[in-house]
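Asks: These are the residues of each chain, in order.
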Amino acid sequence: MSVLRVVWSGFVMNLKMLGTSSFFLLTSTLQPVIFATIAFYMFKSGGRTGTLLYAALGAGMMGVWSTTLFGSGGMIQWQRWQGTLELGVAAPPSMALVYLPFSLANAFTGMYSLAATLIWGRIVFGVPLHLAHPWLFALALPATVVALGLMGLVLASTFVLYRYANALSNLLEYPVWIASGLVFSTAILPTWTRPISWALPPYWGILALRHAALGGGVWGPLGMLLVLGVASIVISAYTFRLFEHLARARATLSLT
Amino acid sequence: MTNWLRVFFVGGVIAYRGLFNWIRPAMYIPTMLGSPLFQLIFFTKLGQYAHAQSRDFYIVGNSVQVCAMSSVYGMTMSVANERQFGTLGPLLASPANRAAVFLGRGLPVLMNGLLVSVFTFAAGALFLGFRPGLASVPALAAIVLVTVTSCTGFGMLLGSVGLRAKDVFFAANLAYVLMLLFCGVNIPLDVLPGWMSLVGRCLPLTHGIAAAREVAAGAPLSQVAGLVWTEAGIAVAYAAAGFVFFRYLERASRRSAVLDAY
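Residue numbers (the numbering used here), protein chains in the order written: chain U, 195 to 450; chain V, 5 to 266.
No lab work stands behind these hints: they were computed from the structure.
Even for Gly, the Cβ is constructed at its ideal location relative to N, Cα and C.
A few of these clues could be false.
[Claimed, not checked] The calculated label-pair distances, taken between Cβ atoms and stated as ranges, are:
no., chain 1, residue 1, chain 2, residue 2, range
1, V, A245, U, G410, 47 to 53 Å
2, U, G409, V, M200, 48 to 54 Å
3, U, Q276, V, A261, 26 to 32 Å
[What the hints assert, rightly or not] Straight line, CA to CA, 20 Å or less: simulated SDA-like cross-link-like pairs of lysine to any residue:
no., chain 1, residue 1, chain 2, residue 2
4, U, K238, V, W199
5, U, K210, V, S201
6, V, K170, V, G90
7, U, K238, V, R59
8, V, K170, U, F319
9, U, K210, U, A309
10, U, K238, V, D171
11, U, K238, V, K170
12, U, K238, V, L185
13, U, K210, V, D171
14, U, K238, V, G90
15, U, K210, U, V200
16, U, K238, U, F319
[To be verified] So, partial list: chain U residues that the calculated Cβ filter (under 10 Å) puts toward chain V:
no., residue
17, I232
18, G241
19, T245
20, L247
21, L355
22, R357
23, A361
24, W371
25, W386
26, I390
Use the sequences and the hints to build the structure in full.
Replies: Encoded structure:
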């Protein structure tokens, strides 16, 4: 019960904090809409207007990833700047549990991106919002968000040790968009990149959403999201404990 | 004159070293080199998938546009961080020539923007097979220089806004992403609605990118002179607007005692 209380309180508090941040307003709504517009015009100029829903979903997922990434990188860094990181580490629950709700809230905020790009696409570009499997879409969306949130937790754990977490966040935005094939098929990437794609929850998340919206098998990608989500929990529980210990031993926890 | 030059060059470098947050290699390499590299690959692959334009269209467009990583963010930091770091008051209390103080900050930013663009062009050649003729490289370099200058002028204007605005970095982030949409970086202007291409023509980058594409395709510099001069005019206009705005906000902030308030 206390675990649920920690998760719920942390989730609500972080949602409120993100709601007041203009940076998150940008990454979760404005930026995805701008990228969706770019993708729409690029598809339009290539004569591939039938793929507009594909582009809207992809641009929305780009926003989910950006919000998760910058949120995960930022949550450790901001707590450092505010001097609250030590309090989180000193609290009785494990560090992974303390930061799990933060990471989930980051990914949840990313859902605004999907809503924004789908509404924008519908109103401005007349993108048809007919979903092939609406119920599976409703299932795939939270599954994707939770899996990304858990991946964010793994990233956040590495940022405990790394003082330039925001630099890593800046670097990782585009590569994951590319390797996950969010707005284009990974078939056009070199074959050596496939294992990287398979290890990324956004890859399976966009497949699940795309298949639910446009037609195709949804259960396979959902199963992979489950597997990667469980793997993320195991890895982050270990890495949080390891990196927390290292940061405390080296006395670098609160160094900015 | 010696003082003016000293404030322009030495002051500009010191301000850049002190105020540009991303100058350490641990920040600089992932942010100023890594991010542009992957931006280049992302849009080139997206263009390939969309069957929209040729590969070189995206390589040239993005390699020129990434100079905004330095010009927009760097210039914003170089001016607006004075306020954030609490050094704006002493700076403006000094008798230093304001034009030297303001414009001097642009030079390191400009050099850095050039470096980022050159790196991205090189990455395009190395990873994506971009092969402009050797004869067109000097003209391409000249166009990139003019375009980075105009983008730095735009950054000066944004940085000036930071003397007063609470969150100028929001504006800088938004400006960077909007440039990808409006400036013909990844979408030809004739594909955009009329009002968007009009906005794009008033922004830095647009004419420079158009000129760079023609030169990379083999056109001589003389053929794109009109585009290059327009880009140079835009550079002067934005730098002048930035300076005028800087002076206006300085006076207004002193009058209303909000110089360091944020």
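Asks: How does the Cβ-Cβ distance of A245 (chain V) and G410 (chain U) compare with 47 to 53 Å: does it lie in that range?
Replies: holds (52 Å)
Asks: Min Cβ distance, I232 (chain U) to chain V: is it shorter than 10 Å?
Replies: holds (5 Å)
Asks: Against the 20 Å threshold, does the CA-CA distance of K238 (chain U) and D171 (chain V) hold or violate the hint?
Replies: violated (35 Å)
Asks: May I ask you to test the hint 48 to 54 Å on the CB atoms belonging to G409 (chain U) and M200 (chain V)?
Replies: For G409 (chain U) and M200 (chain V) the Cβ distance comes to about 33 Å; the hint is violated.
Asks: Under 10 Å, Cβ to Cβ, is where I390 (chain U) needs to be relative to chain V, so tell me if that hint holds or is violated.
Replies: Hint on I390 (chain U): violated, closest Cβ of chain V at ~13 Å, above 10 Å.
Asks: Given the hinted pair K210 (chain U) and V200 (chain U), is their Cα-Cα distance within 20 Å?
Replies: The hint holds at about 15 Å.
Asks: Hold the hint about W371 (chain U) up to the distance rule: shortest CB distance to chain V must be less than 10 Å.
Replies: Since chain V brings a Cβ to about 6 Å from W371 (chain U), closer than 10 Å, the hint holds.
Asks: Are A361 (chain U) and chain V close enough, Cβ to Cβ, to be under 10 Å, as the hint says?
Replies: Holds, about 4 Å.
Asks: Does R357 (chain U) hold up as a contact with chain V if the rule is Cβ-Cβ below 10 Å?
Replies: Hint holds; R357 (chain U) Cβ to chain V Cβ min 8 Å, cut 10 Å.
Asks: With respect to the beta-carbon atoms only, verify the hint that Q276 (chain U) and A261 (chain V) lie 26 to 32 Å apart.
Replies: At 28 Å between Cβs, range holds.
Asks: Starting from K210 (chain U), check that the Cα of D171 (chain V) is at most 20 Å away, please.
Replies: Cα-Cα ~19 Å, so holds.
Asks: Under the criterion that the straight-line Cα-Cα distance not exceed 20 Å, is the pair K170 (chain V), G90 (chain V) satisfied?
Replies: holds (14 Å)
Consistency with the previously given hints fails for numbers 2, 5, 8, 10, 11, 14, 20, 21, 25 and 26, ordered from lowest to highest.
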